[in-house]
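Chains A and B, in that order, are what the protein sequence lines are. So that you can map any letter, position 170 of the first sequence is 170 in full-length UniProt numbering, and since no number is skipped, the others follow by simple counting. So that you can map any letter, position 63 of the second sequence is 63 in full-length UniProt numbering, and since no number is skipped, the others follow by simple counting.
Take the hints with a grain of salt, since some may be wrong.
Any copy will do: because identical chains look the same in the list, a pair fits if it lies in one copy or spans two.
[Stated by the list, open to error] Derived DSSO-like pairs: lysine-lysine, alpha-carbon spacing no greater than 30 Å straight-line:
id: 1; residue 1: Lys-26; residue 2: Lys-74
id: 2; residue 1: Lys-26; residue 2: Lys-5
id: 3; residue 1: Lys-5; residue 2: Lys-94
id: 4; residue 1: Lys-201; residue 2: Lys-74
Keep in mind that the hints were calculated from the coordinates and are not lab data.
2 protein chains.
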Amino acid sequence: MSQGKARVISTELLPNSEAEWKRLVKTTYIGQDGVTRTWEHAERTTRPEGSPFDGVSVVAILEKDTGREILLEKQYRPPLDKICIELPAGLVDKEETAEQAAVRELKEETGYVAQALTTSPIMFNDPGFCNTNFKLVEVSVDMSLPENQNLKPELEENEFIEVFHVKLDGLWDECVRWEAQGYALDARLASFAKGIQIAQKFGLVSRP
Amino acid sequence: MSQGKARVISTELLPNSEAEWKRLVKTTYIGQDGVTRTWEHAERTTRPEGSPFDGVSVVAILEKDTGREILLEKQYRPPLDKICIELPAGLVDKEETAEQAAVRELKEETGYVAQALTTSPIMFNDPGFCNTNFKLVEVSVDMSLPENQNLKPELEENEFIEVFHVKLDGLWDECVRWEAQGYALDARLASFAKGIQIAQKFGLVSRP
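Bound conformation, chain A alone:
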């Protein structure tokens, strides 16, 4: 994916009263020492009522003849003014489980039909800065299904996503290369890649 025409033209401060998707909040809290202080943070305004999380990210590992590959996405992100490499992800709909959201988002963004295998605890993106969070859902993709060979993503009108996959084994080295090529790296993806690299570096063996 080339960045093409995509670029930021201008930025301006946004008052909460005009914001539709995000807001800035001041919290008054009591600290561990009993002293009352304030804290600033940012929030999404989209979390469904009753849901403890905003969205999901998807770990989809494809079993290829040449080894396991992980499904990733390239997407221009205006806050960074760069194309960012990320796990497939999306916001959860009202009354939707994490597993349903993961399967739906993966289908919409990549065309792959998958089944949820495991779901993580809630993970907070930047706990001092905002309350945004997600669950990480690991899915299985049956590559023998006809629909997984004839992919039909259903992107929204303003979504431009390039889907690709790389060897799970060398993901960290790819992250380093992608930055050198001018891409931005999502922290959840890069932290996952670093975990694999550290496990390999220290020869951490399989656990029962």
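We have chain A; now place chain B onto it with these hints.
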């Protein structure tokens, strides 16, 4: 660490004009299709001029007789109203390198004296929501140094951090347990743990 008295008393919308550390921004951008659109996002106001990143997180692995352990922190986070388990981390100072920031923050927050080993690409916490980012610095800690047995953290007046370490090998299982115990999980830490778990699950072998 017990949450003790720590709790949110109230929250209110915060106008940009009164915000000190964060701001809400509207970006006008051209998309890949050449169409002009707007995007909302949040930013830190603390990134030093000329620095492409906000801060650092630290992977500090302690070589213990009983196996490798990773250094972690518990900290009450007002945006979550929970104690969150995270890697040691902090904002970068003006004209400071990522390596200097990592060694300084680790010393201040945990007391450990360390040396930087490797530094990651820039990692973006939540690219659709905000532009906050960091570099992940892996450090070595010489446990034979006297200062690393007689730890002297230098916390600020409003910082309350409990330092602890757990086996690198079982980090993902610990993450699951921590949530069940009522702790919040940082996404960078949990993604790193998931990477280790996936490497173990698939028996990914050491790379040269």
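Taking the hints in turn, this is what the structure says about them:
1. Lys-26 x Lys-74: Between. Shortest inter-copy distance 22 Å satisfies the 30 Å Cα cut-off; intra-copy 34 Å does not.
2. Lys-26 x Lys-5: between (37 Å within a copy, 19 Å between copies)
3. Lys-5 x Lys-94: Close neither inside one copy (35 Å) nor across copies (33 Å); limit 30 Å.
4. Lys-201 x Lys-74: both (28 Å within a copy, 27 Å between copies)
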